[in-house]
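**Student:** For reference, the chains in residue letters:
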Amino acid sequence: MNRSTVLSLATVLFKSYFRASRLGRRSFFSNPRVLLAIDLALFAVPFALLAYALPFVPENFRGNIQPVAKQALVVLPVVLTAVVIVAGVLFELGQSSGLASSEAVNWLPVSPSEYILASSLSIVFTYSPLFFLCLGVTIPLAADFGFLSAVPLFVSISFVAYLWGAVIVEVLRSVMNRISSSVYKKSGRVGVALRVILVVILLVAVQTAFNPYLLYDALSVIVNGISVVWFVPIFWPSVAVVSFLASDAFRATVFTLLSLVFTLLIFEGASRLRAKYWSPVPVSIAVSTSTVYVPQGKSLLWLDPIAFAVASKELRSLTRRREMTRFLAIPVVLVVASLLPVLTSRTNTRTSLSGASVFLLAEASILLPIMLSTISIGQEGKSISNIYMLPISVKELVNGKLFLSWVLSAIGILAIALLVQFLAPVAVLQFLAVLVAVLFNMLTQGYVGLGAGSRYPNFTIGPRARFITFTGLAVAFFIGLLMAAGALTPLIIYEAGFFGTLGLGPNESALLTIVLTAAVGISLLVLARFYCLQGVKKLFSNMEA
Amino acid sequence: MDGITLESVKKTFDGKVAVNDLTLSVPAGEVHGLLGPNGSGKSTTMKMVMGIIKPDYGKISLCGVDVLRQPLDAKRLVGYVPELPYLYEYLTASEYLDFVGTAYGIDLKSRRERVEELLQALQMSEHINEVMSGFSQGMKQKIAFTAALLHRPKVLILDEVLNGLDPRSAKIVKDILLRLAGEGASILFSTHVLEIAEAVCSRISIMNEGSIIAEGTVQELRSKAGMPRSTLEETFLKLTGSEDTDKIVEALKL
Chain F
1 MNRSTVLSLA TVLFKSYFRA SRLGRRSFFS NPRVLLAIDL ALFAVPFALL AYALPFVPEN
61 FRGNIQPVAK QALVVLPVVL TAVVIVAGVL FELGQSSGLA SSEAVNWLPV SPSEYILASS
121 LSIVFTYSPL FFLCLGVTIP LAADFGFLSA VPLFVSISFV AYLWGAVIVE VLRSVMNRIS
181 SSVYKKSGRV GVALRVILVV ILLVAVQTAF NPYLLYDALS VIVNGISVVW FVPIFWPSVA
241 VVSFLASDAF RATVFTLLSL VFTLLIFEGA SRLRAKYWSP VPVSIAVSTS TVYVPQGKSL
301 LWLDPIAFAV ASKELRSLTR RREMTRFLAI PVVLVVASLL PVLTSRTNTR TSLSGASVFL
361 LAEASILLPI MLSTISIGQE GKSISNIYML PISVKELVNG KLFLSWVLSA IGILAIALLV
421 QFLAPVAVLQ FLAVLVAVLF NMLTQGYVGL GAGSRYPNFT IGPRARFITF TGLAVAFFIG
481 LLMAAGALTP LIIYEAGFFG TLGLGPNESA LLTIVLTAAV GISLLVLARF YCLQGVKKLF
541 SNMEA
Chain U
1 MDGITLESVK KTFDGKVAVN DLTLSVPAGE VHGLLGPNGS GKSTTMKMVM GIIKPDYGKI
61 SLCGVDVLRQ PLDAKRLVGY VPELPYLYEY LTASEYLDFV GTAYGIDLKS RRERVEELLQ
121 ALQMSEHINE VMSGFSQGMK QKIAFTAALL HRPKVLILDE VLNGLDPRSA KIVKDILLRL
181 AGEGASILFS THVLEIAEAV CSRISIMNEG SIIAEGTVQE LRSKAGMPRS TLEETFLKLT
241 GSEDTDKIVE ALKL
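Residue numbers (this note's numbering), protein chains in the order written: chain F, 1 to 545; chain U, 1 to 254.
One or more of the hints may lead you astray.
Incomplete in silico selection of chain U near chain F, CB under 8 angstroms [stated by the list, open to error]:
no., residue
1, L72
2, P82
3, F99
Because the hints were derived from the structure by calculation, they are not lab data.
Glycine included, every Cβ here is placed at the ideal spot set by N, Cα and C.
With the rest of the complex left out, here is chain F:
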């Protein structure tokens, strides 16, 4: 293994990995020295603050913190492995397979083990702020609560666990390439559907796993049951720490050694997988076994054939492009993310929901359409030239592009609304008043998102591409929030009970809200549509060189 090749490749991979990420597009952050400075700051600041503050914690309160400090020492290695794996897999899902297969490293004289080591080091370095932050918090806690002797073992074993995460990502990357290539080749449309479902499940699982209540419960189970699951390798670093804290030096040594052996084993496994599935080759996927061309041309609702063709293309982009599938998962993730805290909170579900339902729906009616519509221009990448050269009018393009954003947003909003109505029912007219307001807002936000997406597109197709510039996203949310404030004003007044003070009954109040919402909503829709059409028109009047 050539050390200089590994280090040089690790630096290149880190830079490309980091520059491809959102923050890293600014070259300042992709400088390893800058990241090292950030690492040190993230370690030193919490360390200093806690070291200063902990002696002042009242004695009766210290009893509550001590078990938490112990839990942190035990759980951190497992958490580090899990977080790096999840982040790595999400990064991989956000990367275009075409890009991965054209990496220069595929044809350079770099051995599989050199690549695995370099890539793992680059991942370790990329997520190093998290590692240093965790150490900066846990070490002063450990020192203050009498676990200082465990710190050297804890730091070393945490690094090993952290490294595992990076190497396991390499294993998963090879397996994913292998599975996706064979499944796609053999199953065509079924494979596409399967991937969408798996990505949605994965993202929902990640969302669920990071729910504070569930996370707390899960960590408590891990800490209490760590000795029971001693045979699962991922827990070996934690078992080593637990054993050390229990003054069982022999057990601590055994599990530390086992952890090191496991590191070598997964490294060897990752290298062999890499050697076998060297690079993902874009496969030719046949969605039908027929070689007969059957022309398609349909229209739907208010969509003419051209707008429908654009909408169909958008749907295929969302379902077939690896880097786009995560956007398809947004409605499901948002529904889960919105309802999970309420459903898992310690208070009564019905009480929690009645207060939060309008807020949840308003939030969904802003986030869903904006997130989906802002990306719809940038996700075209260089293929945007097709739109430039074909005789597609601005209105046809806007209608086609927004159709899918609106349909997916409406599905998410209706799912939340119906679940809320099921769990904490309100009067039908009250439910309708809320629904009309959020649906008007959803339509407006779609126009705003596409308007901003066409003014600030980012056509870079890379890992975790955002498809809109940061400024564009800020502009979209700023205008979107202003529009939302207007569109939801009648509903807010209604929810505040103002119409009741005018002597109107519940039904009359709800009806008045619906009428006012429609009037305000239509006016804002006209404004937002104008903003959108002007942006798209300007974009397609002249292509950048």
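Place chain U on chain F using the hints.
**Tutor:** Just chain U now, kept in the frame of chain F:
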């Protein structure tokens, strides 16, 4: 009426002149070759003819339709194959051609006939229901060429259209171009392969640094260069001032 007309067209990018005061006309039935070194302004000229890039000033029309004022009408008349055809690679060939056919407003029956005959000629019928991400460059080029011909355009803009094509397909494409020109289409065609230009083009314009430095038939270009018995390659190198290639290669320490 001329198929393609450019009058005093100029385009600058960040102060750098890409196309300078360019005037060109390609009448109906002509295959007009656009030759020139890399960065001479060929692709920019073609993109301006397509209405994709706006010129700083000048007038461009296709069959009498002003490209700047009536961009959609102009696009309906023209078929375009860019230098690098960025197709929607997540679509199947069939889905992509449907998308293009719908945009051109071609009815289903005509589309079916046209796609079948073109794909059969280019030996692509078997791949019609495959996702294009697995296609080679030549296969993508064939799909882009098919898409450009779907609506039987009166004007064709072809930027390096033979890139990546196998000899048989390249011959078919050349024959198709000659036949379309014979039926009255105006074709603006750029290539770096001078033998192809000589075989296909009835007239040739040589561009350098954004301007046309010579225009005419191959024979006329030879005369202008003062090399009546030379090859088109020698004529091209002389006109573009890059004939000293031997010295450059000798200077390399190979």
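**Student:** Under the criterion of a CB-CB separation shorter than 8 angstroms, is U:F99 in contact with chain F as hinted?
**Tutor:** Holds - the Cβ of U:F99 comes within 8 angstroms of chain F, reaching about 5 angstroms at its closest.
**Student:** Does U:P82 pass the interface hint, meaning its C-beta sits closer than 8 angstroms to a C-beta of chain F?
**Tutor:** 6 angstroms, holds
**Student:** Any CB of chain F closer than 8 angstroms to the CB of U:L72?
**Tutor:** Constraint on U:L72 satisfied, holds at 5 angstroms.
Of the numbered hints stated above, none is contradicted by the structure.
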